[in-house]
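Protein chains in written order, with the numbering used here: chain V, 595 to 892; chain S, 2 to 318.
Please note that a few of the clues may not be correct.
[What the hints assert, rightly or not] Heads up, simulated EDC-like pairs for lysine to aspartate or glutamate below, C-alpha to C-alpha not over 16 Å straight-line:
(1) S/Lys56 x S/Asp79
(2) V/Lys625 x S/Asp132
(3) S/Lys236 x S/Asp214
(4) V/Lys624 x S/Asp128
(5) V/Lys625 x S/Asp226
(6) S/Lys236 x S/Asp226
Since the hints were made in silico from the structure, they are not lab data.
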Amino acid sequence: MAVRSADVAVSVALSPQGGVWTTLGRFIRKKPLGAAGAFLMLVMLLTACFADVLQTHDPIATEAAHTLAPPSADHRLGTDHLGRDIFSRIVHGARVSLIVGVASTLLGSVLGGIIGLLSAYVGGKTDLITQRFLDILQGLPLLVLALVASTALGPSIQNVVIAISIPIIPRAARVIRSSVLTIREMQYVEAARSLGVRHLRIAFRHILPNTMGPFIVLCTAQLGSAILVEATLSFLGLGVPEPYPSWGRMLSVSAAEYAQKAPHLVLFPGIAISLAVFGSNLLGDALRDTLDPRLRGA
Amino acid sequence: MKTYLAQRLVVALLTLLGMSAVIFVLLRLAPGDIVDILFSTAGYVSPAEKQAIMKELGIDRPYWVQYLDWLRQIAVGDLGKSYRYDLPAWPIIKPLVPVTLELAALSILFAVLIGVPTGVVSAVRQDTALDYALRVFSLAGLSMPAFWLGMVIILWLVTWFAWIPPLTYVSPRENFTLHAVQFLLPALAVGYRSSALIMRITRSSLLEVMREDYIRTARAKGQTDQAVIWRHALKNAILPVVTIIGIEFAFLIGGLVVTEQVFNLPGVARFLVQALLWRDYPIVQNLVMFIAIVVILTNLLVDMLYGVLDPRVRYGS
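The shape of chain V in the complex, shown without the other chains (with noise of 0.2 Å):
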């Protein structure tokens, strides 16, 4: 019953009567915070999409004359120890904020909800063992693993967005599993398989397309989360290498030591980690009051 008015609420926000501004009016008046946080979201995306456009200086061209140099109106955010421009920097940043987290959100999540979905609808000792094995994975805590994770696998992009997503996968796996668990037991599973549906096809075919409210949620919150723990992979010098222009590297040491010099080093990532993360956490809680109730407050 619960996965039903879940259904319900998922046709309601994703086919509205009335037209896209009508919903997109009500979400606003409904839910202030979360409109607020799909504002912060669609700004990074433009941003990320838009950064050559944006940028007022290459983002990794060094100028030895302009170090450390305050905000200014030719650099508007200031300049960082070797005079890199820290508005082109943060502008690009933005980009590989962007790509990291959704893509090691979307890898996490979609690995976890295979998982989740076929070992619900199997069920039995498969399900147990499988179970057992995310114990393991979420009983580390979720820095610790994608902290070892980025080492072992040695720094690059490719690999930083495995190491975000492995923490990602017991958590999307126990989200999906708990809707399948339900929606298995309903009348059209029983019905498609009276009807010889092979299993496969009802796991994905007709099971997994009534799993998406639920989904969505998980992967609006997982993604900020995500693109944290990016920024302090790359903070702790074992995330996004060079040359790309990482908001947690921005931060790194070099920062530390000038910070007293040049505030300015610090303060702007900072505030552009914390304003992308409070987007898509606004966002998320917005999201999953409105898609999927059961998890409220969870």
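Here the structure of chain V is known, so what remains is to put chain S in place on it, guided by the hints.
Then chain S, alone, in the frame of chain V:
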């Protein structure tokens, strides 16, 4: 109760065994072996010399022998030897443990002190401006990287008070005030982050409890709002909060890793990062295992506490 405890212990041990396998495999994925990494700065190392070193470190043996040997080491509490220092690991780690424990305890204290009251107020004033403000405040804590918050705190101290927290560790016997300040600030940075989770759980749990019949009964009897919230509702609402504190202990460790780095506190978490950067894998392996054991024990403890706090939860019957 006893059989339940025994079952839980067996499951915990199996989980730890699984974790050890995951950690072992993850660290063996690294390209190149430790000798290459150790001597990459030394230039050319003759193959014979390399063989000798590998033999000495025991990494010329098959993986399964190494794994079993490691398990035996953990079982007898032998933390092994650090490649980098060429010293037994325990004497290096031992002085770091109290630093991390103190920081963790203070952080949890801050998290509860901030999280529970804001959660209660937010639930009682649901959908008012105050509720929105508190929710934004807590979500902001969840969104700010702990390391950045730490840096901003330091920056703020420097700019406004022209005062820099001590750059090296100050023991409480040496100078208690300085020691307290040195720990309170990072604890605040970590605790604020964790308080966000506690606040959210307190809020939603209290909202749920407030809808129950016995709360209406209490009100009907003429109890004051204060008494209903703090004496009747919170007692039941606090249970999920206790669980989340246990679960988020693992989350807290993540916060400690970066905060110890920023505040230059010689704790276990900072040492883990250093060992990772040096590729000192025996240390990494053992430290992560140590963290896993602490997390599992905390979860076990929280489950046991549940039975004490809530008489309705009876184990093993």
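Now the hints, each set against the structure:
1. S/Lys56 x S/Asp79: Distance ~19 Å between S/Lys56 and S/Asp79 Cα, so the pair is violated.
2. V/Lys625 x S/Asp132: OK: V/Lys625 and S/Asp132 at ~14 Å, within 16 Å.
3. S/Lys236 x S/Asp214: Distance of about 15 Å is within 16 Å: holds.
4. V/Lys624 x S/Asp128: Satisfied, since the Cα-Cα distance of roughly 11 Å is no more than 16 Å.
5. V/Lys625 x S/Asp226: violated, 29 Å
6. S/Lys236 x S/Asp226: holds, 15 Å
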